[in-house]
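Residue numbers (numbering that gives the first Met the number 0), protein chains in the order written: chain A, 0 to 200; chain B, 0 to 679; chain C, 0 to 105.
Just a few of them, taken from the derived set where beta-carbon distance is under 7 angstroms, the chain C residues facing chain A:
#	residue
1	30
2	62
3	85
4	89
5	96
Don't read these hints as lab results, they were simulated from the structure.
Every residue, glycine too, gets a C-beta built ideally from N, C-alpha and C.
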Amino acid sequence: MTAEAAAMTGISPRDAERYEEKEFGFWLYLMSDAIIFSLLFATYLVMVGNTAGGPTGKELFSIERASGETLALLLSSTTFGLAAVALSAADRSKVLIWLAVTFLLGACFIFLEIGEFRGMIAQGAGPERSGFLSGFFTLVGTHGLHVSVGLLWILVMIGQVLFKGLTAPVASRLMRLGLFWHFLDIIWVVIFSVVYLPGLL
Amino acid sequence: MDIIFGRLTIDSLPFYSAIAASGAAITVLGALSVAGVITYFGAWRLVLFDWVSSLDHKKIGIMYIMVALVMLMRGFIDAAMMRSQQAIAFNNDGYLPPSHFDQIFSSHGTIMIFFMAMPFLSGLINLVMPQQIGSRDVAFPFMNSISLWLTTAGAGLVLISLVIGKFSTAGWTGYPPYSESQFTPGVGVDYWLWAVLISGIGSTMTGINFLVTIIKCRAPGMYLTRMPLFTWTVFVTSILMIFAFPALTVACGMLVLDRTLGFHFFTNAMGGNMMNYINLFWLWGHPEVYILILPAFGVFSEVVAVFSQKRLFGYISLVLATMAIGLLSFTVWLHHFFTMGSSAKVNSFFGTMTTIIAVPTGVKVFDWLFTIFRGRIIFKTPMLFTLGFLVTFTIGGLSGVLLALPPVDYLMHNTTFLIAHFHNVIIPGVLFGYLAGYMFWFPKAFGFKLNDKWGAWSFWCWIIGFYLAFMPLYVLGFLGMPRRMEHYDIAAWQPHLIVAAIGAFIIFLGIVCLGVQLWVSIRDRNQLLDLTGDPWNGRSLEWATSSPAAPYNFAVLPQVQSVDAWWDMKERGVAYQRPDRYEPITLPKNTFISAFIGGVGFVFGFAMIWYIWWLAVLCLVLIAGAIIVRASDDDSDYTISADEVKAIEDARFAQLAKAPKNEMEDEPGFAGFPAPEAST
Amino acid sequence: MDVSSGIPVERTARPYIIGIVAALILTAIPFGLVATGALPRETTLVIIAAFAVVQILVHLRFFLHIGLEAKPRENLVALAFAAVLIFLMVGGSLWIMFDLYHRMMV
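Looking at chain A on its own, in the form it has when it is part of the complex (with noise of 0.2 angstroms):
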């Protein structure tokens, strides 16, 4: 935090120095996230042949879904940065406004996953059907629990600024929270990079 943006808030130098810690630990801890997904991804790639007799992405996996996966969450990551700038601006109920329209773009997201990992398994093509299955939900499935664990997060968000306004530890909470929701962005643009598109080819 910089020496004006401190002095502005009247947040002491040394709750901004405490806040950038958060920050910084927050964003190691989106690192070590990462290997797990680069894992995941490298265990994918080793085992997408291995269908053992049973069906490819080729036959499971459909544009539209992904695409409307993708949309909503691409746009949910834009209106989380609407409700960032609406708290550089102190603008409560903005925040509040695009919070709640980050969570519907999110809940659409996972709705739209879940019904798609629930047509997967009525065919018969879940996790325990084949090695190629179990990298795949596994990878889409872990993202999806992060995204969850996001939306929590969300309405946990959405109460602190309810009952305790936009003071300094909601508003350095709420940018962890953003560096949280732009990395599965991130995460989801990799995985349809290389699970739905390749596999649909």
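Using the hints provided, position chains B and C relative to the given structure of chain A.
For chains B and C alone, kept in the frame of chain A given last:
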């Protein structure tokens, strides 16, 4: 399968074998004795409100070390049982049936690595590193506490497997397909998986915590290039923790999915890829051994300088070597599975990188030797451990360089030669390092030193015992003995195994000496007091604080002007300066939420192991709730007023005035304190 | 009240607008190529990969505000180090596993 109890039944209790029942009885008795002792001393309030709920990094560090020492004993019992079994089991079955023997070698490795070495290093780092960089705490005290309790939860799962159910028989590495439910149904492997996963999350968080602390919380003037070597090794170790543990989480997480939900990551059929587990596991496993050893190297750097009474030689080369080891540790992992069928191109790449990684360690050894050269050695026990390390570890390193050559490894892989190699680097490296650190920094933690005579006895038992226990294993490896053998029929092996068992017994005496040392030191603490905070005439900033340090470590943050900051302050004559005024200091309040999360984590692991799904879900909800409660708490600090700080500091200066002299003055060969040059 | 801390908050929506437009284009083209099959398979795969890399950079720059001039620097260094390790770990794993596949059919 029961809805309420999952697969937990009365048969899970260990009444099927005398040995299992004794193990359970000892565990239960141990737990009851601890509770009994606390009750006897009326110390429940103290334990719960001053320690369990404390977010003070020094207390967290001490608790970590307590976990480590307890688990050292448990892991050693495993070793003793294996050694005695192998000593007698020539052409007979010995006293341990195979399933039991398999559980024992599995728990031995698991405990020593995850629940002895990792907590030991986390504890020492917690105690010392913030003080070395002139900080008041780690960056994230609450997360620090969660890490401690998650590690303890993992240790708890390993311990309770002795009482309810069985432990894994799949080794500390858990290779599929054996570790899959097709071949090893039952709870053993699941105990192992959840203990490792839960404590692994703690370790990742610890890495993040230490790294942010070092980068963001240093005192003014404490540039990275002025940090003590121990802190530098912590810096690199933290990076390794953050980036290596995810691989373990992935490997073990996938195995959990295979076993619990019928996935096919590593199964024998249906598209599973068993080698992928080995690849992922060792992607973590190799950096892990450097996580274990680097802080020990840091301890040796500190000890060798203080007890040679000479500045550490080659600071820059030590720092660069540490960084090189850190980066290279991610490029060698295949050497753990040279024999699994890779082509010569792949094998030779990783073999070459493995021989290269020996070089920076060699640089460090020479730096330590050059520090000792022309120093005036004080033979306190930490220095004995250091000297023992330098000789013994080098042998282990050499055997490692041998194994780094794939053609050699094809002969030696999974023989006792390998066992000898890694114990030959872990025991003199990791364990001697942490025992040296334990004795070196004990006065800083508790305000009195450990009895050095019993420390020396312990060292001699450890080093003699080590050579007797492990040198025969090199020979046995050449004689073709595989690892993990429960009985054998080759007569030539037995004499070596008998010698090894004798060595194990002498190590046992070493452990007894450690216990006696602690007992005697507590009994005689008033004669061993460290009144100055600087019992060894140290060089780094942790020796500037009182022993034990105040909750805030430094009343006034030190202004650092040089490497060996404390030594420099003594030389400049500003060592014990009394500030004219004090500021109020803010510290985190105690809280039970972190211990709660650890405890619930333990129950969650137990529930997942026994398929008690409702309990597992409940635990997740409770953990989420606890995190949300904490994350909504904006009032988690308390402030020590300037007057209170002054009172604490005045008491300290009064004690300094009372100190008749620094303990080191009586030391034969003591070279004197640094003093400001008399102006001419 | 500007309560930015660590990662600087943008006061305007501009970077997010640029970001979303760029991301949408970088997404639509690969999706379109796959849906229509307009180009040969290998070419399509290369385009998918290249556009993914660019889109990640777009996200980093416009949504996460991580650029070369960003402060604090540590975040960028951590990211670069993670990238190096990901290259080593994923690259090494793929090399090993495909090598094993060729030799051992594993």
